[in-house]
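The listed protein sequences derive, respectively, from chains Y and G. If you read the first sequence in the working numbering, its first letter stands for residue 1, the second for the next number, and so on. If you read the second sequence in the working numbering, its first letter stands for residue 545, the second for the next number, and so on.
Keep in mind the hints are simulated off the structure, nothing from the lab. For each residue, glycine too, the CB sits at the ideal point set by N, CA and C. Possibly wrong hints are sitting among the right ones.
Examples of chain G residues lying across from chain Y (beta carbon under 10 angstroms, computed) [stated by the list, open to error]:
id, residue
1, 556
2, 562
3, 565
4, 566
5, 578
6, 584
7, 600
8, 629
9, 654
Label pairs and their calculated CB-CB ranges [what the hints assert, rightly or not]:
id, chain 1, residue 1, chain 2, residue 2, range
10, Y, 503, G, 591, 14 to 22 angstroms
11, Y, 30, G, 652, 37 to 45 angstroms
12, Y, 468, G, 601, 23 to 31 angstroms
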Amino acid sequence: MTPLLAPLAASDNRGLTIALFLAVVAVTLGITFWASRQNKTAADYYAGGRSFTGFQNGLAIGGDYMSAASFLGISGSIALYGYDGFLYSIGFLVAWLVALLLVAELLRNSGRYTMADQLAFRMRQVPVRTAAASSTIVVSIFYLLAQMVGAGSLVGLLLGVSSPGVKNLVIIAVGILMIVYVTLGGMKGTTWVQIVKAVLLIIGTLLITILVLAQFHFNLSELLGAAAEKSGKGEAFLQPGQLYGKDLVGKFDFLSLGLALVLGTAGLPHILIRFYTTPTAQTARKSVLWAIGLIGGFYLMTLVLGFGAAALVDTSKTSPIATSSGNAASPLLAQAVGGGEGTLGGAILLALISAVAFATILAVVAGLTLTSASSVAHDIYASVIKKGKASEKSEMIVVRVAAFGIGAVAIALAIPAQRLNIAFLVALAFAVAASANLPALLFNLFWRRFNTAGATASIYGGLIAAVVLVIFSPVGSGTATSLFPDANFAWFPLRNPGLVSIPIGFLCGILGTLLSKDTSSQERYDELEVRSLTGAGAEKAVAH
Amino acid sequence: MARTRRGPAPGSQRKRDEQAYTDLARDPDFAELKRRYRRFAVPATIAFLVWYVTYVVCNNWARGFMDTRVVGHVNVALVFGLLQFLSTFVIAYLYSRHASRELDPLATKLGARYEKETGR
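If we strip away everything but chain Y, and leave its shape as in the complex, we get:
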């Protein structure tokens, strides 16, 4: 994220953009207050009463997953680097097959509110919940910080202001909004915010996609040709190699990124807890199918948006698109296909897409805050501290206090984090999810011998490996965009740790299990296996 962003909106349409932003805030707050009156039990608060249909939860998964980084970032990356910008979205999509085939239904049947519920099913509660809650909170906070820092820049960009004071105010406002959504609305409110956002995002993207394709007679090859020519790079713009894999280290770095993307999604705690909001495993399956369709369709549209921006909008080195690392590409493209700068159509579409981006930020931060607050209250407070003897009422108070605390911490960290290049935070979140959470989840479901020592070893091993490798990579030090630009302690060459940290996570799980004599976890394996595959005894929907 570059610190200096050229203002996008001219003053004449800033009013319109602000009005639409306020409309988004009003609608989402309305949903939240409505949902707050429906939250009666813990299952209501944590899992939305498990009453969402497959289609609704599919939309919500899309709303949770398609962040501003993928909406503005991927199309921007395609606008600047051509074909290579597209690669992120493929890993993001294929990853859903891991969730569909190996995780979603089994987790729905055997867990309750958090990722740790599933892992602690047949393990010793305290160590496993502590480990799972740690990685849940680390992954969610990394992801949350990336979203909030992005929000400061994006809203500044969309409103046409670039002063640091305004960005700080935006971060604080977004933080307060997400605290309100989560403390009042719980999972029900958050889910509906995500559903509304997903619908807005799909409609907005579809509209721009059709308008772009219309300019090229609905001929993809013509669009690609125009983009290649305008980019000044010719056919190379349509070929691999503009962004990734320029040298041997770069090629392994790309392989590492690809692995983390495809294996990380099914270990992201904020995605996992979405499966608990459906009444049965069959509905959880349907929701993932809807999500795959929506997310896949969305990424195909970002391909058109990205190449459309390359073909129709200025992407030269000093343009707003280039100075915003591509984030301005979709809004400026919307303006261009609406009729161009200074036209009413252009102003309306620019404001519309800006509001969609804003709704996207709000929905994603709400989901992440809820995930971490749930884990603090349900895993740490109720199970580790109170040893399972906390009343539901006190747990419901703690989860709201936790949401408030996490929101405050996120605001406090996001403001100073603005001067950093935050792209690594998302990559790190995926790497930790793939290295720490996925091995533990898969071993727990499919390996009878797996035990408490194995579960904690894979979580801490994968988590520490991913974080340490990033610190000692060029992301940590040695280059101008590093966390510590003036020092150089980078001995690990890859910016993405997955290639090494994912095998470490799996290996730690195997070694931890085999080195421990503990076999008590096998006693309930039959129960876990029967329950996860048949749904016998699984949590049911709340009847209101």
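For this one, chain Y is given, so just place chain G on it according to the hints.
Relative to chain Y, chain G alone:
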């Protein structure tokens, strides 16, 4: 309201639950359900991971092949990428068909047996 797992359920009920799970785990229908689930999930997972890694590797180490034009400005790299979308949609569809035809009826049958044995 579902049974809470917080603390053990009253003794006799918990025992009945455990017995029901043990019975189901030994049921031939359950062995068949497990076999049918794994028969699809394991090969499909291996297949799409290999297919995806092949795509990533080709982007790195088979650039000449990826740069080949297919039609107009559409090259192999783009077609390969779009095929990843297609394969994802197809595998998702096939799994859902397999699950609703082969898995759901058995899971429902076993679930009903559990409810009968435990009384809920």
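So, going through the hints one by one against the coordinates:
{"no.": "1", "hint": "556", "in the structure": "16 angstroms, violated"}
{"no.": "2", "hint": "562", "in the structure": "7 angstroms, holds"}
{"no.": "3", "hint": "565", "in the structure": "4 angstroms, holds"}
{"no.": "4", "hint": "566", "in the structure": "6 angstroms, holds"}
{"no.": "5", "hint": "578", "in the structure": "6 angstroms, holds"}
{"no.": "6", "hint": "584", "in the structure": "8 angstroms, holds"}
{"no.": "7", "hint": "600", "in the structure": "4 angstroms, holds"}
{"no.": "8", "hint": "629", "in the structure": "5 angstroms, holds"}
{"no.": "9", "hint": "654", "in the structure": "4 angstroms, holds"}
{"no.": "10", "hint": "Y:503 - G:591: 14 to 22 angstroms", "in the structure": "21 angstroms, holds"}
{"no.": "11", "hint": "Y:30 - G:652: 37 to 45 angstroms", "in the structure": "39 angstroms, holds"}
{"no.": "12", "hint": "Y:468 - G:601: 23 to 31 angstroms", "in the structure": "27 angstroms, holds"}
Hint compliance for this structure: hint 1 is the single one not met.
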